[in-house]
Structure formats: structure tokens, C-alpha cells
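First residue of the sequence shown? That's 1 in the UniProt record's numbering, and the numbers climb one at a time after it.
Hints should not be assumed to be uniformly reliable.
Ranges of calculated distance between the beta carbons of each label pair, as one might list FRET restraints [as the list claims (entries may be wrong)]: (1) Y515 - H204: 52 to 58 Å; (2) G387 - I528: 33 to 39 Å; (3) P420 - K315: 28 to 34 Å; (4) P284 - K315: 16 to 22 Å.
In silico DSSO-like links for lysine-lysine, alpha-carbon gap of 27 Å or less [unchecked claim]: (5) K64 - K95; (6) K141 - K100; (7) K143 - K100; (8) K95 - K143; (9) K192 - K143; (10) K521 - K475; (11) K174 - K141; (12) K529 - K475; (13) K507 - K529; (14) K303 - K168; (15) K95 - K50; (16) K315 - K233; (17) K315 - K303; (18) K233 - K286; (19) K64 - K47; (20) K192 - K95; (21) K141 - K95; (22) K168 - K192; (23) K230 - K315; (24) K475 - K460; (25) K174 - K143; (26) K174 - K225; (27) K43 - K100; (28) K43 - K64; (29) K286 - K315; (30) K64 - K192; (31) K233 - K192; (32) K174 - K192; (33) K168 - K225.
The hints are simulated quantities; they were obtained by calculation from the structure and are not laboratory data.
Owing to the predicted nature of the structure, the values given are computational and were not obtained by experimental measurement.
Ideal Cβ positions, reconstructed from N, Cα and C, are used throughout, including at glycine.
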Amino acid sequence: MRKPIPIHQSTSTSLKPKHKHKYLRPTSNQGNVRPATLSLRVKELAKQGKLEDAISLVARSPRKNNSSIVWNTLLTSLMNAGSRSRAYSVYIDMKRRQYKPTLATYVVMLRGMVGFENWSEHAEQLERCHNLYESYQEYMKAKENGADERSSESAHAPTVFYFHILGKAGFYQKLFDVFFAMDNEGPMAPNKYVYTSLLAALNHRDTTEKLGNLTAKEQNASDAKLIWRKAEKDAQAGLIEIDSAMILHILRLLANGRAADQQFGMDIVRDYIGLAPPGEDPPPPKVNLEARTFQAILELCNKANKPRVCTYFFKLLTDLRSSSSSQTHTLEIDTLHVEQVLVALNTLAAVGSLGESARAVELLHMLQRNAALQNIEGARTKRLSLGPSPSTYALALTVCWRCTDWVRACEIFELVTNLPADIFGDEGRVATNRSSMPAPTKWLNTQALANLARIALETKDNATMRQCLRMVALKPPSGHGYGEPHLAFYRVILASCIMQMYWMVLKSLSVYDRYMFRELKRRSTMVIKTRVTLERPSLEDAAPGSASHMAKLSEAVDFEMAMRF
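Model the full assembly from the supplied sequences, consistent with the hints where possible.
Here's what the structure looks like:
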């Protein structure tokens, strides 16, 4: 009887890639297949979705044609397909067949496990991650005499992925146990990627529960300072290099801490980025500033109640960029930077600063120019958003509300909708011609509409309130915000403002206005009747206070820093 052809020797078309490759050319001896050819066949089967065929192909291949590299290729294909459990069983089978895992094996396996979000539902997979990391440590110990692999940057990649997993799973004590058990020097001492992943993992601990006398975020900041001091010692000893990514994560942690932690972060910004508040002479920068790190700096200023420092840093960097400074000419100012500046302007406007609404509109124009240049020249990186977003317009209108500036609010309305605001006035075509309701190209989100209504209500001017009601009636709020933050809160704010304006201008409404506003009133009544207890956004909270309050806060920070260090 004729024996069946083994899978690894099959000449079926399903195993032949469509593209030509030197390893895939037909040979006279199909039984003598090189491992490189076998790896390419595994990749081709994976592309076709035939993962089980790929597993069978590798498992049934003779040992002379197989290697750990082929098994790693198979594991990579399974992980890329999201088959984590199947990949782990193949990994166990690989070891059972006496194919020794390599560093790439552990990189592939732990990187593939990172994708889980809710680890409480995947206890078995988490235990497998622990087993994989233990095996990786044993593997690296056995490599002590082979320094080449141990000294490579990829030697720490499994630790980086493992820290991410521990952070997502909430195993913070184990996170520190693993970190402090690492070598203090030598090729297996923590490098900058290990430090960065450790700090990033702490950002997952954002619960509001108390950890002793501290909240979780305050404990994060305290732990981050401990890690940072060790990183600085290693940097001074020449073991690691502190980079922008590490500073990004340390600043995010310190920004949510106490006042002394926030000041600690400002010191890092001064010492490493070369940015200091007005009146201070900053040292030369040690680290090249990147876009995401600059956003974290501006956010730190806002959370530390230093809005003027936030606007100062932004102006300093934009001026340096326009002058092609060697440090900042590659830094792209994007939407997230501008939004942090708008938060700072909102704080300044809340304590009585004048002219912030005009600055907010200038920032929107700047972003629109950047977006236009992006379309012409192409963005330097696709990760950046250079044009205003719905949240950007909403923040700018929040500044206008703090300043009670209806004129600037109308400018923002025109920027979004491409419709002139005066057509909604008492003499405009919307008020005089029932059939002339225009169609906007874009529209404001619920938060922006609520701020627009609040500004009109603050003016106490009937003509302005009628104009605002006609604007809102152009596209009445539906209640579907498609992921808008604090949608329910701003729906209630908008509905309340509409109701108040309606009753204030009712006697002066034309017949057409009464007909048009009746639907607004009905919708607003339904929103108010069905409202529940709502979470108040932090942007709505009262500003930190006067200049005297700021001075007292600074004194408290200085005292705490002196007592603790």
C-alpha cells in the first residue's frame, strides 16, 4: 500500500505561496526542507487562516528540517491571530519535543498576552504569564556565560511586557518585587525601557480607594519619586539614559499627587527639559522634548494650579519653534497641547483675568492654519492631530463663558459651522424667512452648545438670547453624544439654559419664533424631568482662587518639601 505523503512533504497548492521566494522554489527533494523554507510555509498558511494546518506542519516535520526559529514563527502567527491559549499549548508542546525556547520565544509569548483588558476574567492566562516570566528568568541565568544576548536591548523586552501585564492586572506589589530583585549592575540591570514600563504600569492604579493615609494616585506619585531617584543614580553611573518617554510617565504620575509631588515634577521639567517659570534661569536641556511629553508638562502645570506657567511654556515653545531652535524645531504643536492651554485660560478667566477669550479664539485660528498646512505639506507624524476637535471648540467656548464674551462665542460658532452668526439675529434671514434655515457643514457637541447657551443667558440681553435659541434650533440636541464626555451633565445644563431663555424672551417672540422654539422647550422639559444625579466635570469646579491663595499654596509646598527632604 502506498504510504500517505506527510504534511511537511505535501505538494498541494495550499502550501505554495503566491509570491515567489528563493526558499519556495520547487526542489527535487521535498523531504529535505530547510527551516527557513518551513518558516515561510507557516507564514503562508497563517495568512490563509489555516492555523491548525500550520501547527500540524511544524509538529510533523522531521527534526533535521525543524528548529526553535520555526516554532517561534508558529507562535508569532498564533499570537497575531489572537489564539493565546492555543499558542501556550504549542509552546508547551515545543518544550516537550526538546526544542529549547529562545529569547524571542518569551518576547513573542509575553507580548501576545498584553492584549487582555480585564485580567480578573483571565486568571488562567495570568498564571501562564507568571510561568512564562519565571522560565525567562531561568533562561537568562543559564546565559550568564553568553553575554552577547544578555547585553542586547531585547533581553529586557519580556520584562517590559510583564510589567505591563502586572499593572493591568493590579499586581503592584509583585511589580515592585520583580523590579527590586533585578541586578543593580551588569547586562541584566534595569535599562530605560524597564524604568519606563514600570512607571507606565503605575498609571493603571487609578482607583479612588485609600492606601493607608494616601489615595491611590498619591501613592503612585510617592512610588514614582522613589523609582525616579533610583533612575537618576543609574543615569549618573552611566547605566541608563533618561529620555523623553520616561519623563512623560513620571510627570503623569506626579501631576496627580500632592502639591509637593507636583513641585517635584516641575523641578524635573526645569532640570531635564530646560523649561523654568518666568524669573528663573533654566539650565541647558538634557533631554530632547517630544510632543507627548510637552502635553504632560502642560497638564502638570494645570493640575499644580499654575495656569500662567502653562501659557508661558506654550508661548515659549511656539516662539522657539517659529525661530527654528535646535531643540524645538521638530516639536509639532498639536490639538492636545492647545486644549491644555485652553484649560489654563479657563482658570485664569475664572479668577477675573481679562482677554482670555480673545486668546482662545487665536489658538483656534492657529490650529486651523496648522491643519491647512498639514493637508498641503503632509503631517510629520500621523499620530498628531493638528486641527481643532469638537472638544477643542467646547473648551474655547468655556473660556468665553467665563468671560461672558458673546462676540467671541459667535466667532467660534462661525469657525465650526461655516455660517455667519448674524443670520440668526433679529434682522437676519433665519428670523425673517421660515424657509431659509441653513445646513451647517459641522456642528457643535453638547458641551459646546451648553456653553453657548450659558454665555447668551449671562448677557441678559433679549436679542442675544433670541439669536442663541435660533442657533440651537438649527439642529436641536438629540441626546446621542457618541462618546462625548459628561454628556448627561451638559444635556441638563443646555436644557436648563434653553428653558430660562425661553421664558425670558417669550413676550418678545414673533409667531415664527414661537413655533420654532416650542420644540426646543418640549425637548428641554423632557431632559430636565428625567435627569438623575450627575457627576460634575472638574472643569466646572471653582478656580483655585485669588493671587493670595496662590501665594499661600506656594508657601505650603515649600514647607512640605523642607520637612520631607
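The hints, checked one at a time:
Range check, Y515 to H204: Cβ separation about 53 Å, and the 52 to 58 Å hint holds. For the pair G387 and I528, the supplied restraint of 33 to 39 Å holds, since their beta-carbon distance comes to about 35 Å. Between P420 and K315 the beta carbon distance is about 31 Å. The supplied range of 28 to 34 Å therefore holds. At roughly 20 Å, the beta carbons of P284 and K315 sit within the given window of 16 to 22 Å.
Between the alpha carbons of K64 and K95 the distance comes to roughly 17 Å, so the proposed pair stays at or under 27 Å and holds. Among the hinted pairs, K141 with K100 is consistent with the structure: their alpha-carbon atoms are about 15 Å apart, no more than 27 Å. Restraint check: the Cα-Cα separation between K143 and K100 comes to about 13 Å, which is no more than 27 Å; the hinted pair holds. Proximity of K95 to K143 is assessed by CA-CA distance (about 18 Å); at most 27 Å being required, the pair is judged to hold.
In summary, the hint linking K192 to K143 is supported, as the alpha carbons are separated by about 22 Å, within the 27 Å threshold. With a C-alpha separation of about 14 Å, the suggested pair K521 and K475 falls inside the 27 Å cut-off, and the hint holds. Between K174 and K141 the CA atoms are separated by roughly 20 Å; this keeps the pair inside 27 Å, and the hint holds. Of the supplied pair hints, the one linking K529 and K475 holds, its CA atoms being roughly 21 Å apart against a limit of 27 Å.
Annotation: proposed proximity of K507 to K529 holds, straight-line Cα distance about 25 Å (limit 27 Å). About 25 Å separates the Cα atoms of K303 and K168, which keeps this hinted pair within 27 Å; it holds. At roughly 23 Å between alpha-carbon atoms, K95 and K50 fall within 27 Å of each other, so this suggested pair holds. For the proposed pair K315 and K233, the alpha carbon gap of about 33 Å is over 27 Å, so the pair is violated.
Proposed proximity of K315 and K303 is supported: the alpha carbons are some 19 Å apart, at most 27 Å. Restraint check: the Cα-Cα separation between K233 and K286 comes to about 15 Å, which is no more than 27 Å; the hinted pair holds. For a cut-off of 27 Å, the pair hint linking K64 to K47 stands: about 25 Å separates their Cα positions. A distance of roughly 32 Å separates the Cα atoms of K192 and K95; the hinted pair therefore is violated under the 27 Å criterion.
For the hint pairing K141 with K95, the CA-to-CA distance comes to about 18 Å; that is within 27 Å, so the pair holds. At roughly 20 Å between alpha-carbon atoms, K168 and K192 fall within 27 Å of each other, so this suggested pair holds. Taken as a hint, the K230 and K315 pair is broken in the structure, with Cα atoms around 33 Å apart against an allowance of 27 Å. A threshold of 27 Å between alpha carbons decides the hint, and for K475 with K460 the separation of about 23 Å falls inside it, so the pair holds.
With a CA separation close to 24 Å, the supplied pair K174 and K143 stays within the 27 Å bound. Simply put, K174 and K225 have alpha-carbon atoms about 18 Å apart, close enough for the 27 Å limit, and the pair holds. For the given pair, K43 sits about 21 Å from K100 by alpha-carbon distance, which is consistent with the 27 Å threshold. With a C-alpha separation of about 20 Å, the suggested pairing of K43 with K64 holds against the 27 Å cut-off.
Proximity of K286 to K315 is assessed by CA-CA distance (about 21 Å); at most 27 Å being required, the pair is judged to hold. Restraint check for K64 and K192: the C-alpha separation of about 40 Å exceeds 27 Å, so the hint is violated. A distance of roughly 12 Å separates the Cα atoms of K233 and K192; the hinted pair therefore holds under the 27 Å criterion. Taken as a hint, the K174 and K192 pair is honoured in the structure, with Cα atoms around 20 Å apart against an allowance of 27 Å.
Between the alpha carbons of K168 and K225 the distance comes to roughly 21 Å, so the proposed pair stays at or under 27 Å and holds.
Hint check: violations occur at hints 16, 20, 23, 30; the rest are consistent with the structure.
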